[in-house]
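When you get a sec, could you build the whole thing from the sequences and use the hints?
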Amino acid sequence: MSKYYLYQDTDKCIGCHSCEVQCKSNKKLPVGPKLCEVIEVGPKLVKGMPKAAYIFVPCFHCEKPWCVEACPAGAMQIRAKDGIVFVNHDLCVGCKTCISACPWGAPQWDPKMGRVVKCDYCMDRLDQGLKPACVTVCTTGCLHFEKAKHINPIKRERYARAAAEM
Amino acid sequence: MATMLNLTINGKDIEAPEGITILEAAKREGIFIPTLCHHEALEPEGTCRLCIVEISGAIRHSIRISCIQQVKEGLVVETDTERIKKNRRLILELLLGRSPYSKELLDLASKCGVMTSRFLTGENDDCVRCGRCVRVCRDKIGVHALCWVNRGYERKITTDFERLSEYCIGCGSCAQVCPTGAIKIEDRGNERKIYTWGQVLARFKLEKCKECGRPYAPKKYLDRINERAYKTKGLELVDYVCPECVKKAERPTPIKMPFGGGDMPFAI
Numbered sequence: 218m219s220k221y222y223l224y225q226d227t228d229k230c231i232g233c234h235s236c237e238v239q240c241k242s243n244k245k246l247p248v249g250p251k252l253c254e255v256i257e258v259g260p261k262l263v264k265g266m267p268k269a270a271y272i273f274v275p276c277f278h279c280e281k282p283w284c285v286e287a288c289p290a291g292a293m294q295i296r297a298k299d300g301i302v303f304v305n306h307d308l309c310v311g312c313k314t315c316i317s318a319c320p321w322g323a324p325q326w327d328p329k330m331g332r333v334v335k336c337d338y339c340m341d342r343l344d345q346g347l348k349p350a351c352v353t354v355c356t357t358g359c360l361h362f363e364k365a366k367h368i369n370p371i372k373r374e375r376y377a378r379a380a381a382e383m
Numbered sequence: 012m013a014t015m016l017n018l019t020i021n022g023k024d025i026e027a028p029e030g031i032t033i034l035e036a037a038k039r040e041g042i043f044i045p046t047l048c049h050h051e052a053l054e055p056e057g058t059c060r061l062c063i064v065e066i067s068g069a070i071r072h073s074i075r076i077s078c079i080q081q082v083k084e085g086l087v088v089e090t091d092t093e094r095i096k097k098n099r100r101l102i103l104e105l106l107l108g109r110s111p112y113s114k115e116l117l118d119l120a121s122k123c124g125v126m127t128s129r130f131l132t133g134e135n136d137d138c139v140r141c142g143r144c145v146r147v148c149r150d151k152i153g154v155h156a157l158c159w160v161n162r163g164y165e166r167k168i169t170t171d172f173e174r175l176s177e178y179c180i181g182c183g184s185c186a187q188v189c190p191t192g193a194i195k196i197e198d199r200g201n202e203r204k205i206y207t208w209g210q211v212l213a214r215f216k217l218e219k220c221k222e223c224g225r226p227y228a229p230k231k232y233l234d235r236i237n238e239r240a241y242k243t244k245g246l247e248l249v250d251y252v253c254p255e256c257v258k259k260a261e262r263p264t265p266i267k268m269p270f271g272g273g274d275m276p277f278a279i
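So the sequences go chain by chain: A and B.
If you count by the working numbering, then the first sequence holds residues 218 to 383, one letter each, in order.
If you count by the working numbering, then the second sequence holds residues 12 to 279, one letter each, in order.
It is worth saying that the hints were derived from the structure and are not from the lab.
Since the structure is predicted, the reported quantities are computational estimates derived from the model, not experimental observations.
There could be a bad hint or two in this list.
Simulated restraints on C-beta separations [unchecked claim]:
hint: 1; chain 1: A; residue 1: His-367; chain 2: B; residue 2: Gly-153; range: 37 to 45 Å
hint: 2; chain 1: A; residue 1: Leu-347; chain 2: B; residue 2: Glu-165; range: 41 to 49 Å
hint: 3; chain 1: B; residue 1: Lys-242; chain 2: A; residue 2: Gly-358; range: 40 to 48 Å
hint: 4; chain 1: B; residue 1: Leu-117; chain 2: A; residue 2: Lys-220; range: 47 to 55 Å
hint: 5; chain 1: B; residue 1: Cys-158; chain 2: A; residue 2: His-367; range: 34 to 42 Å
Using N, Cα and C, we set each Cβ at its ideal position, and we do this for glycine too.
Listed below in structure tokens is the structure:
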């Protein structure tokens, strides 16, 4: 399990997809692969009002990743330092088993390079002390990236406010 | 920590860790050595012979292939001498003899100054007999569906008894690693076909995605994923859902969502 925590404040997200755009331009990806994706759920009628939810789906960096177990070439790896699941492009042979194995569709196929690409929380940026590309451009500031031990108190505060209003 | 060795490539003094090959050391320094059979993920086999370099110093003066020759202390490597260029052009001409229309080979040939081949055979087989596909199938995927047959000029890649392979799982790695695109993978309708010049290697019926109904992967391939990634967790891959539909929120997940499927679990 990665020691980081990427938290999306779903109440604030307006579904502008700028995280996706920034992710793709940071990784210089061609048309097709999306390492993170904002998925629209709805719209549904909630108390007579149409409502839609926008859920940010990156890679979850599992403790026992499906992709790492499925990979026959050892290209999918877990970084020992912080538990980030990443793909070593040099070792990828293009069998795509990781893509079919992942229950959340996190590994993606890069047709230009002929290799699998995947969210690695922008490892190179983290090592420089920066935040992942998606988090830096979030227009409403709904994406938060922190170490798991400093979990954002947003949810608790909001719950407390809601409880107080009652 | 591997011990660092000192060697010279094209007059440049470099340091390289023990155990890597000259080709890898040159690549780290940004020195281009043409090659077709080398793939970072695979064990080197030295079949294409294009990566030849001239070696002196630690070993007696000779021409060796850099994808197999390991670095040694005090090695002096030249990658672009007249002798090397001449030999490399001959190898390219020989390779072009059978594959005169292979785009990758023609690109490499024009880079090395080869315009035409003296050995044209009239064949148009893009396969350059580099063996990447055989190695990936044998060493990485571990299914041994592809193998070499015959010797010398007759040598070629095929399946057991040149029939449709029983062992192939239809992953398409062979097509992905092929440097010239000689092995092709094609999904048409609900059938996947893996074929090379003059032979169909394997045919598969594709399983349909439960969500969109699009045929997307052969049963054997999904069984393998089930075995490697799902059964190790005590789970079973029963709902075949294609990678495009798997992200859609309305889909019932094939596995139990952690935390009772409530909030999106961002750190599982």
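Verification of the supplied hints:
1. In this structure the supplied range 37 to 45 Å holds for His-367 (chain A) paired with Gly-153 (chain B), their Cβ-Cβ distance being about 43 Å.
2. Here the CB-CB span from Leu-347 (chain A) to Glu-165 (chain B) is close to 57 Å, at odds with the stated 41 to 49 Å.
3. Evaluation of the 40 to 48 Å hint for Lys-242 (chain B) and Gly-358 (chain A) yields a pass: the beta carbon distance comes to about 42 Å.
4. Distance hint check for Leu-117 (chain B) and Lys-220 (chain A): the Cβ-Cβ separation is about 49 Å, which falls inside the suggested range of 47 to 55 Å.
5. Under the hint 34 to 42 Å, the C-beta atoms of Cys-158 (chain B) and His-367 (chain A), about 55 Å apart, miss the expected range.
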